[in-house]
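Residue strings, one per chain:
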Amino acid sequence: MSQLTALWVLPLAGAAACALAGFSGRAAARACALAFSAAFLALALYALRPLLADGNALSVVGGEPGAFGVSYRLAADGLSLSLVALTAFLNLICVFASWRQEPSAGYWASFLALASALCGVFLARDLFVFYVFWEATLIPMFFIIGLWGSDNRRHAAVKFFLFTFAGSILMLLALLAIVVAHQRASGVWTWDLETLKGTDLGAAAPWAFLGLLLGFGVKIPMVPLHTWLPDAHTEAPAAGSVMLAGVMLKMGLYGLIRVALPLLPSVAAAWQPILGTLAGINAVYGALCAMAQTDLKRLIAYSSIAHLGFCLLGTFSGTTPGLTGAALQMINHGITTGALFLMVGFLYERAHKRGLDDFGGLAARAPRLAFFFGLSTLASIGLPGLNGFVGEFLCLSGSAQSPILFAGLPFFALLGAVGVTLAAAYALPAYQAVFWAPEGPGSVSARVDDLDARESAILWSLCALMVWIGLSPRVWLSLLEPSLRGLVR
Amino acid sequence: MNPFALPGPLLPQACLAAGVVGSLGLGLLGRPRPLLARALVVLAPFAALLALRGLALDLIGPLVALDLKSVGWQMVVYAAALPLAFCASGDDVEAALFLGAVLGMSLLAIAGNLPMLFVGLEFMSLPAYLLVARAGTGERSRRLEAAVKYFFAGALAGALFLLGLALFYAETRGLGASSAPLGVMGQAGVALMAAAALFKIGAVPLHWWLPDVYEAAAPEVAGFLSTSMKAAAVLFLVRVIQSAPNPAFASALPWLGAVTSLVGALYALRQRSLRRLLAYSSLSHAGLLILGVGAWAALGRDATALSAVLFYLAAYALMGNGVFAFVAATGLQTRDQLKGYASRRPGPAAAFLILLFALGGVPPTGGFVAKLLVFWQAVRAGLAGPVVLAALASLVSLGYYLGLARDMFFEEPEGAEPAEPSGAPRLVLLVCALSALALGAAPLLLNGLTGGLWK
Chain A
410 MSQLTALWVL
420 PLAGAAACAL
430 AGFSGRAAAR
440 ACALAFSAAF
450 LALALYALRP
460 LLADGNALSV
470 VGGEPGAFGV
480 SYRLAADGLS
490 LSLVALTAFL
500 NLICVFASWR
510 QEPSAGYWAS
520 FLALASALCG
530 VFLARDLFVF
540 YVFWEATLIP
550 MFFIIGLWGS
560 DNRRHAAVKF
570 FLFTFAGSIL
580 MLLALLAIVV
590 AHQRASGVWT
600 WDLETLKGTD
610 LGAAAPWAFL
620 GLLLGFGVKI
630 PMVPLHTWLP
640 DAHTEAPAAG
650 SVMLAGVMLK
660 MGLYGLIRVA
670 LPLLPSVAAA
680 WQPILGTLAG
690 INAVYGALCA
700 MAQTDLKRLI
710 AYSSIAHLGF
720 CLLGTFSGTT
730 PGLTGAALQM
740 INHGITTGAL
750 FLMVGFLYER
760 AHKRGLDDFG
770 GLAARAPRLA
780 FFFGLSTLAS
790 IGLPGLNGFV
800 GEFLCLSGSA
810 QSPILFAGLP
820 FFALLGAVGV
830 TLAAAYALPA
840 YQAVFWAPEG
850 PGSVSARVDD
860 LDARESAILW
870 SLCALMVWIG
880 LSPRVWLSLL
890 EPSLRGLVR
Chain B
-10 MNPFALPGPL
0 LPQACLAAGV
10 VGSLGLGLLG
20 RPRPLLARAL
30 VVLAPFAALL
40 ALRGLALDLI
50 GPLVALDLKS
60 VGWQMVVYAA
70 ALPLAFCASG
80 DDVEAALFLG
90 AVLGMSLLAI
100 AGNLPMLFVG
110 LEFMSLPAYL
120 LVARAGTGER
130 SRRLEAAVKY
140 FFAGALAGAL
150 FLLGLALFYA
160 ETRGLGASSA
170 PLGVMGQAGV
180 ALMAAAALFK
190 IGAVPLHWWL
200 PDVYEAAAPE
210 VAGFLSTSMK
220 AAAVLFLVRV
230 IQSAPNPAFA
240 SALPWLGAVT
250 SLVGALYALR
260 QRSLRRLLAY
270 SSLSHAGLLI
280 LGVGAWAALG
290 RDATALSAVL
300 FYLAAYALMG
310 NGVFAFVAAT
320 GLQTRDQLKG
330 YASRRPGPAA
340 AFLILLFALG
350 GVPPTGGFVA
360 KLLVFWQAVR
370 AGLAGPVVLA
380 ALASLVSLGY
390 YLGLARDMFF
400 EEPEGAEPAE
410 PSGAPRLVLL
420 VCALSALALG
430 AAPLLLNGLT
440 GGLWK
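From first to last, the protein sequence lines stand for chains A and B. Take 410 as the starting number for the first sequence in the working numbering and just add one per residue. Take -10 as the starting number for the second sequence in the working numbering and just add one per residue.
For the record, the hints were derived by calculation from the structure and aren't laboratory data. Wrong hints could be hidden among the right ones.
Heads up, simulated SDA-like pairs for lysine to any residue below, C-alpha to C-alpha not over 20 Å straight-line [what the hints assert, rightly or not]:
hint, chain 1, residue 1, chain 2, residue 2
1, A, LYS568, B, ARG259
2, A, LYS568, B, ARG395
3, A, LYS762, A, GLY851
4, B, LYS58, B, ASP291
5, A, LYS568, B, LYS138
6, A, LYS762, A, PRO671
7, B, LYS328, A, GLN841
8, B, LYS328, B, ARG265
9, A, LYS568, B, LEU255
10, A, LYS568, B, LEU384
11, A, LYS606, A, PRO671
12, A, LYS568, B, GLY392
13, B, LYS328, A, HIS564
14, B, LYS328, B, GLN260
15, B, LYS328, A, VAL567
16, B, LYS328, B, ALA413
17, A, LYS568, B, VAL385
18, B, LYS328, A, SER559
19, A, LYS606, A, ARG593
20, B, LYS328, A, ASN561
21, A, LYS568, B, ASP396
22, A, LYS568, B, GLU400
23, A, LYS568, B, GLY388
24, B, LYS138, B, LEU115
25, A, LYS762, A, GLN841
26, A, LYS606, A, SER595
27, A, LYS568, B, LYS328
Reference listing, derived: stretches of chain A covered by chain B, where coverage requires no fewer than 3 residues with Cβ under 8 Å from a Cβ of chain B [what the hints assert, rightly or not]:
hint, stretch
28, 547 to 559
29, 647 to 653
30, 832 to 846
Derived DEER-like restraints, expressed as beta-carbon distance ranges [unchecked claim]:
hint, chain 1, residue 1, chain 2, residue 2, range
31, A, VAL597, B, ARG42, 30 to 38 Å
32, A, LEU429, B, LEU145, 51 to 59 Å
33, B, ALA241, A, LYS606, 33 to 41 Å
34, A, ALA834, B, ALA405, 54 to 62 Å
35, A, VAL418, B, ARG42, 30 to 38 Å
On a predicted model such as this, the values are computed, not experimentally measured, just so you know. Ideal Cβ placement from N, Cα and C applies to all residues, glycine included.
Construct the complete structure from the given sequences, taking the supplied hints into account.
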């Protein structure tokens, strides 16, 4: 079995093994989940190794086209493998974070199955295989939210599934239109991404692009397709929110970068003013909504919308810094927001509350938590020296090269700058309310013990990455940049 | 000399006819022989399925035409009938009725001209009415009522067909496929014959009989009607289209199919009765089949497009039989009884869940591949409007499939412990669920088996 195939088969085998281990008790299933998650991360990092030496290295698993023109084709460049590594890393973090809860075997199996499907999405180069993995991610997440979420989980699980399914069915129709157009022109049925590039759709091109944009946009999520996100992220268990925000939102951006822009570059170029405006709206609207929240988890959920808005600004700019910044910001957001969701989860485990008004003075009661939360918040609002700054700066500088001006200033970068300012306006007051404000009469801060060694270790690893990427982003940029060259206009 | 070679191309029909005669003969033995009846009911369709192997496609007479379609459809029809055969009660009359219906479908599949098609239609329908009335336990009056309703709907379909045939004959002076383009009277005739087929499939607005019949009939019988019988009805529609070079009604089929699919899904969304929900869900799938046939007609009767419909029928044979077998095995009546079912009976619940995802068209199941192929052919035919409408119907249908999954897995159980699922239907459920899952790998698996269906 090739290495790339092993990357998605290993976690899937882990899911099956966890389900089987569940018959001999929860502890066995948990140990099994840990073993497979660790092996998965080791394999993902091992696969990344040749790319670190040479950013242009590309390994491919290719199959002959079979029935219906479908071929099993995987390929790994820097973008794919960094996202696979992010998936594997966050998956292991999730295992550690849920360690104490001793959930049933199905929980671990769902996470590993999810990781497997996500890997498939990031590696597939045949659009049929891509779509199958894309949809397969929904099933484990449906159960993670619906079975292990909080009070309103049933509704949130169905809403999540229906929204994303609605988008992906439109995406499927768009892909079908492209495949059919290619067959008309060349007489060959194929779903291979490389072969389909340059297919001329004629008058149908804007419609196909719209289908892809809606399909990927629901996942990102682009305003106004975002309404599933606050529910899903708030109701999911903490580890589920980490995977949702950390990796699953990136599927949408990845789809844009990997599928929509290369297949229909002319439409993307023609629509740039609209797309850039939508991206700016995402950044500003997400931040405004986050400012209005009183629930800490919901606030972080809305902040994701804002952050993904920066990524979109970079992506649609069509410039090297913009695209690289968007790709880096995808990884940054996974690490930073993952850490924030985990800490809200730890708070909720202790106090069974997560409202901003329910706490106060936590800095004195739980100094370690306050430190990690503060660092992650600063990373999230883009403090120089931490990872968020690098990504956001590149995204903004990319969008500043756009020729569309507003009062003599680059319009999209202006929208982005408003978003950056607003980020500080929602994140810092929230931090202040929870950690520094005096304890109110209804405060439950007394229930909050500081982090234990396991929890601290998890957050140390995440915060170390934030600082590392922030201080020395070059390794990551040189890893990502070669995969994005083809998209630069 | 090989004795099985004697009836030649009609061997499958001979097997089924022998089964009918044999099960009627059981009544002469004086006392019930359930074991023999059961054996006959399973062996006859199974033998017919085996007899299809190696059939020569050259027997074209005035009455019988054996082409690729008739062989492909016979395979699906027999295979889709097997689940009901496995669940048979052992009653000799029911056995004869069931085998008679299958024989009727098989005659329809090899019909070489329009009157022969009518014979097949009536031959498969008459035993089906009686099967609905007779098979099953409890609530006999409801089954009788449903059977009468079914009969009247069927009689109306038969009458429409004969009227259409009369008009067709008046213009073409022939009972076979016409090679000359039809005029107004011929077009009306073909449209009426197609209406008969759409009646049988259950296209909106000719669907009013369907939910009542599927709800009142024994669940296994409903599974049989919604898969095997529906496959025969789809072939019936295909044959009617083939009877003329320019059937005008065919251009309306894609929209009709998409609307049927959407209406079925919207109705299913608000059902509380499990069987009625599944009946409307079957209606929704029938709409996609009609869309597929419409795409086939729009593409100049391209064989690829019809193979997509056949694949859909094969996949739906597993899914439809599987979900009705779940109802038969568990005896659940309403959605409320389904609440928390997974925590009490995880095995059947997991199998049902796979079938629900397959019905909803979620990868990696066979239901997804089936839906994809039909959408694909419709996109190929340039039917953008109907495809988007059908996609919307798929989305709506996911609303209740996920709703059932939510009831089963996420809700707390209430009420008494449900009964242990019973023997044969439980096995059918398991086999159908696993096969529906395995069919999802078809695009990759078929590669090695056939060297590519089309490239």
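Checklist entry - Can you name, in rising order, the numbers of the hints this structure does not satisfy? => result Violated: hints 5, 6, 7, 16, 29, 30.
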